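Colleague: Line by line, the protein sequences give chains X and U. Residues in the first sequence are numbered consecutively from 28, following the numbering used here. Residues in the second sequence are numbered consecutively from 34, following the numbering used here.
Calculated from the structure, these hints are not laboratory results. Some hints here could point you the wrong way.
[Stated by the list, open to error] In silico DSS-like pairs for lysine-lysine, Cα to Cα no more than 25 Å straight-line: (1) Lys155(U) / Lys195(X); (2) Lys35(U) / Lys155(U); (3) Lys131(U) / Lys200(X); (4) Lys256(U) / Lys200(X); (5) Lys121(U) / Lys195(X); (6) Lys132(U) / Lys195(X); (7) Lys206(X) / Lys121(U).
Just so it is clear, the structure is predicted and the values come from calculations on it, not from any experiment.
As a plain string of letters, each chain reads:
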Amino acid sequence: MKHETISKEHRAFLQKSRKKTGIVNAVRLGLLLLLLGLWELVTALNWADPFLVSSPSRIAKTIASLYREGTLFYHIGITLSETLIGFFAAILSGVLIALLLWWSETLRRILEPYIVVLNALPKIALGPLIIIWCGTGSRAIVFMTILVTVILVILHMLSAFLSADEGKVLLLKSMGANKAHILAKLVIPSSLPAFVSMLKVAVGMSWIGSIMGEYIVSRAGLGYLIVYGGQVFKLDLVMAATVILCFLAALMYFLVALLEKKLVKNKES
Amino acid sequence: MKEILAFDNVRLTYHTRQGEVTALKELTFSLGEGEFAAMIGPSGCGKSTILSLAAGLIKPSAGSVTLGGSIGYMLQRDELFPWRTIEKNLYLPLEVQKKNTPARRARALELAEQYGLSGFLKSYPSQLSGGMRQRAALIRTLVMEPDILLLDEPFSALDYQTRLLVAADVSRIIRSEKKAALLITHDISEAISLADRILVLTARPARLLASHETDFLSSDPLKRREEPRFSGWFETLWKELDP
Ligand SMILES: Nc1ncnc2c1ncn2[C@@H]1O[C@H](COP(=O)(O)OP(=O)(O)OP(=O)(O)O)[C@@H](O)[C@H]1O
Ligand SMILES: [Mg+2]
């Protein structure tokens with residue numbers, strides 16, 4: 028809605044709602060600082076053993092020393108590339124498979140039970156198999172990432188493709204449209220919002236996949252740092268890697284959310 | 034009058050895993066060039082099926098359907114694509130039929146201009162009122178240059194007031210473009226006010242129960258509703274539908 032002139036009442040409303048957003052943001056930040064401060068205080072006063080719970084300053088120091096040793100970006104780079112390769116490969120193959128399943132009802136009916144079982148299966152159970160097939164390098168981890176993510180992509184996109192409006196299909200057919208037309212003019216554009224919301228979930232899944240993969244096989248990466256830190260009881264390292272992970276996952280999520288804002292605007296019916 | 038659509042002894046049976054349903058049986062009727070006919074019948078009797086047959090979307094199980102021209106289909110909901118502007122929606126049939134030429138697009142814009150849509154070309158469907166959207170849907174149908182319009186309860190999603198106005202509007206446009214039309218409706222008074230011929234169907238499986246040529250002085254639906262014979266027609270059809 029566009030208004031040439033904003034009424035006084037509306038301006039007051041906008042001001043109020045802006046103020047509210049401001050308060051929410053301030054309290055959010057305050058809460059974070061408070062928690063960090065408490066954590067630091069509790070460990071500095073030795074009420075809790077920093078050896079067991081680490082502390083913000085120790086985490087910062089650990090990250091700094093990783094940086095000085097030159098391994099910080101090495102580990103980040105490895106995990107990030109595994110995650111991203113797995114993510115994009117899963118999106119690409121998942122969308123293609125969903126398209127095939129949309130295209131052929133017979134294929135869909137044949138493959139349905141396989142997909143259901145694969146979806147229900149905890150993918151980590153395939154760990155040993157993956158090691159045997161792909162070795163213990165990055166390939167195994169990328170494969171695990173794809174495996175964890177791709178089923179979700181398939182199911183999500185297939186349901187979006189299949190929910191294309193019946194009336195619009197009928198309309199297109201009455202214009203003489205074939206299946207390719209229906210796909211290009213209706214099914215794909217109407218699935219765009221579902222595609223973007225799927226991306227958001229897939230981001231989370233691919234991090235699960237890559238870290239899980241690193242737990243099982245890796246010799247480098249953030250997941251490796253966490254496992255290694257746990258084994259030698261270096262909780263600072265575990266926490267530092269976790270914090271970096273949080274940061275990266277959030278960053279990727281926000282990038283997708285930004286993409287969503289760009290793609291899905293002004294287009295709701 | 035030359036026939037543009039003819040159903041001859043048509044039967045249609047739907048087969049599904051749940052069983053079979055015979056929607057039409059021994060259905061025979063025809064429509065002339067430029068003729069505006071309405072079809073009424075009990076709900077679920079097979080009216081939409083008749084349009085699907087006429088449009089060639091399904092084949093009859095028995096009998097024959099002869100179509101002497103191209104069709105344009107208009108549905109209960111406007112089915113405008115929400116991610117396209119009104120202008121792009123008008124081009125949709127051209128894109129599908131590979132007729133997306135500058136001349137055809139110019140013709141589409143001309144129709145939009147002629148029927149008061151030019152101010153909305155850059156708008157998205159969600160920004161238009163229900164009546165405007167239905168008008169846009171009609172223009173999109175006309176862009177295909179159809180010889181016969183198939184209208185499946187195109188006004189039933191609108192509220193009563195809008196419905197009367199949009200029906201009058203659509204009827205005026207169809208008549209000025211001299212198109213044949215087959216209108217399906219649940220609403221007896223809508224059928225009487227719009228059509229020159231009214232086909233009454235039986236309950237499923239649908240057959241033709243009666244065919245009436247109406248005898249109104251005006252072709253304007255709103256004026257027809259004021260003519261004295263309107264209520265006479267209403268009564269006749271009411272009795273036929275509810276024996
Ligand atoms: N694709 C289909 N498969 C199986 N049965 C169908 C199919 N389409 C319609 N039918 C059945 O055929 C019968 C006639 O359907 P149709 O939609 O033609 O009726 P209608 O007169 O348009 O109904 P309404 O008044 O609700 O619009 C109904 O009993 C319906 O259940
Ligand atoms: Mg119907």
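Colleague: Now, for every hint given, state plainly whether the structure supports it.
Modeller: Each hint tested on the structure:
no. : hint                  : in the structure
1   : Lys155(U) / Lys195(X) : holds (21 Å)
2   : Lys35(U) / Lys155(U)  : violated (40 Å)
3   : Lys131(U) / Lys200(X) : holds (14 Å)
4   : Lys256(U) / Lys200(X) : violated (36 Å)
5   : Lys121(U) / Lys195(X) : holds (15 Å)
6   : Lys132(U) / Lys195(X) : holds (20 Å)
7   : Lys206(X) / Lys121(U) : holds (20 Å)
Hint check: violations occur at hints 2 and 4; the rest are consistent with the structure.
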